[in-house]
Amino acid sequence: MNCKTFRKRQVEMLDANPDPNLLRHAETCTECARELAEARALLTALSPIQSPYRESNLKERIMSKVTELETVEDMKRYRGWLPRLSYVAIALVVIGLLGGWLLQGRPDSAFTILAQAAEASERLGTIHIVAQMRTVPHDNFDMIVPEGDLVPVELWKVSGETAKWRIEKPGRVAVMDGNEIVMLIKPGDASPMAVKASPGAGIAQWLAPLLDVNSLFQREQEIAREEGARVKIESNGPTTVLTIQAAAQGDYSESDYMKNKSILMSDNVRVYTFDSQTHRLLGLQVYVNTGKDNVLVFKTDKVEYDSQLSASLFQLDVPKDAIWYKTPDEMGLPDNSSLSPKQVAEAVFQAMAAEDWDGLRGFAGTLADDPKLRDYVGGLQVISIGEPFKSGQYPGWFVPYEIRFRSGDVKKMNLAIRNDNEKKQWMLDGGF
Amino acid sequence: MVEMEDLVQSEGAAMEFPGTCRAVEAWDQGWPQSRQEFESFVDVFLDRLVRIAFHRLGSMEDAEDVVQDVFVKAYADRVRLRRVRRVGPYLYRMVANACIERRRGRRVLSLEELGPEDLPDRQSEVQEQTAAAEFIQRIEQLLRRLPERQAEVIRLKVLDQFTFAEIAEIVGCSLPTVKSRLQYGLQKLRRIIPQTREESL
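Chains as they are written, first to last, in the numbering used here: chain A, 1 to 432; chain B, 1001 to 1201.
Simulated from the structure, these hints should not be mistaken for laboratory data.
One should not assume that every hint holds.
Said to hold, decoys possible - Here are the in silico distance ranges between beta carbons for each label pair:
1. B:Val1079 <-> A:Gly178: 49 to 59 Å
2. B:Arg1093 <-> A:Asp275: 36 to 46 Å
3. A:Arg219 <-> B:Ser1034: 20 to 30 Å
Unchecked claim - Derived coverage of chain A by chain B (criterion: at least 3 residues anywhere in the stretch with Cβ under 8 Å from a Cβ of chain B; other residues may be distant):
4. 10–16
5. 34–46
6. 57–65
Stated by the list, open to error - Distance condition first, Cα-Cα at most 30 Å in a straight line; then the derived DSSO-like pairs of lysine-lysine:
7. B:Lys1188 <-> A:Lys8
8. A:Lys412 <-> A:Lys342
9. A:Lys424 <-> A:Lys412
10. A:Lys232 <-> B:Lys1073
11. A:Lys164 <-> A:Lys299
12. A:Lys65 <-> B:Lys1073
13. A:Lys299 <-> A:Lys232
14. A:Lys59 <-> B:Lys1073
15. A:Lys292 <-> A:Lys411
16. A:Lys4 <-> B:Lys1188
17. A:Lys326 <-> A:Lys186
18. A:Lys342 <-> A:Lys424
19. A:Lys424 <-> A:Lys186
20. A:Lys65 <-> A:Lys232
For glycine and all other residues, C-beta sits at the position ideal for the given N, C-alpha and C.
Start from the sequences and build out the full structure, keeping to the hints where you can.
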């Protein structure tokens, strides 16, 4: 290679893996080596030693903008939801006015917030929640009555190898002592009833996850994926508010009887407030859309972490006169699985009418031993029994009935029966 | 004062462009269509794009604004851009063009306004971010005296540390064209920088 060719191709020496012939010429020709050195020196002088550093939150800023963009896209997509208005304009106004409000069409970020909350909850010693719920004091923990009064509800949990928790409202308390769950039902005008259940039993399927953010996260994730919940996130300095708007779960094609009887079986909005720093849950409000109004059915008044909790909270003193509930199967009673739902209702009412308490035990277990129940239903007269139906998420059947009590009073309601157990044994579950 | 030969000896290794990020090849998934894909896409390109924008604007604030705008545009136009296969070069071009737009809004210093301090002075290249920004601004003032095509190849090679092949792809021209633009650009820079200032290097 001569000097003329080298000068023509000298610039290639500034790239990766230059031609070895160029390298060899530069080593042997002083003049060309000097020119190359000058070129390199110029480039060195032009190149910055220090790389600039960027703001650490730039990615977050970009993703926030992307979320705003998705909001506008979503609003365009769901144009039919708000006729007569300009949705893009609304989205821009909302974003502009509320600053940190980010509406999302997908739940990815919501999952992140819940996952952070779950992680934060793993480090907790105790949690204590004071709340109010529109429900019936002694009835099911998950039951809501949108038109009813707010009833105090309190939850406690202490972490450990085996977590202990307590959930209580005026007519019902459930305690997990680390081994088993014991629930005490105190109807007030009847004998208290005690129920033992395994840790996996769904004693308070909606309330209990509030004490265990991991299961809360899992539940919300499933709902978002399967039910297509809409998610809204407000990041406002010290707090992050996650709003989940979900449709009622379950099948209401046969009947809407169970609609709005629990939070999960209602069209609802759940508003979670998290601490932006610690990611802990600070509060929760739940609103149910009844078709007429949005009714606040649950709200936390206080969420307390790592406070001293008395050991006695996790020991339940069951009154001596309480009836321990046993299912027909646990009592070793005859198999009734071959009956149809309507036949079950007929058999239950026949046993009550004839005051056949052994027969009633076959469906009601030890519930049939309650003297106040016997006094209430003994000798009743069946006016009609309707066709069984299913509703919502309830795993059993409802059988419409009309009866006349010995007192002459008439009652028209739906008997709840279920057989979702291993032996398909029918059990009386409520509606009385 | 550091002589040119000293610089060559002490920083010759730097001319091998160590630590060059091969982000051009790091993304072979096509234009991101989902939010999840887009987030990975941002992870791969963010730092590189900020550096590129900073090298053209000399202001970290402006660089971040430009990169943010480019990424948002990249997501907004994702359906239209789904046929783009060489995502990296296209994205770099978007940033380079956005920087040109941003610079158009700025006042350019006249030659008379440039003092000795406007030459790159490696000794004064302190650790501070502000000094890095000033350094880039001075480089940019020099590059503005070149035809833009030559200046852009120098930026891509010297500041952004792309290979000739990558530059050809980004700029959309042949490899020999890239080499000639760099060669002519460097020759002009040598003429622009007065001998006295060159000695101060």
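Now the hints, each set against the structure:
1. B:Val1079 <-> A:Gly178: 49 to 59 Å: 55 Å, holds
2. B:Arg1093 <-> A:Asp275: 36 to 46 Å: 43 Å, holds
3. A:Arg219 <-> B:Ser1034: 20 to 30 Å: 25 Å, holds
4. 10–16: holds (count 6)
5. 34–46: holds (count 10)
6. 57–65: holds (count 6)
7. B:Lys1188 <-> A:Lys8: Roughly 15 Å separates the two Cα atoms, so the pair holds.
8. A:Lys412 <-> A:Lys342: The given pair, whose Cα atoms are some 16 Å apart, holds under the 30 Å limit.
9. A:Lys424 <-> A:Lys412: 27 Å, holds
10. A:Lys232 <-> B:Lys1073: 23 Å, holds
11. A:Lys164 <-> A:Lys299: Answer holds: A:Lys164 to A:Lys299 is near 23 Å, not above 30 Å.
12. A:Lys65 <-> B:Lys1073: 10 Å, holds
13. A:Lys299 <-> A:Lys232: 19 Å, holds
14. A:Lys59 <-> B:Lys1073: Roughly 15 Å separates the two Cα atoms, so the pair holds.
15. A:Lys292 <-> A:Lys411: Cα-Cα ~28 Å, so holds.
16. A:Lys4 <-> B:Lys1188: 19 Å, holds
17. A:Lys326 <-> A:Lys186: 17 Å, holds
18. A:Lys342 <-> A:Lys424: The hint holds at about 15 Å.
19. A:Lys424 <-> A:Lys186: Between A:Lys424 and A:Lys186 the Cα gap is close to 29 Å, so the pair holds against 30 Å.
20. A:Lys65 <-> A:Lys232: Roughly 15 Å separates the two Cα atoms, so the pair holds.
The structure fails none of the hints (numbered hints given earlier).
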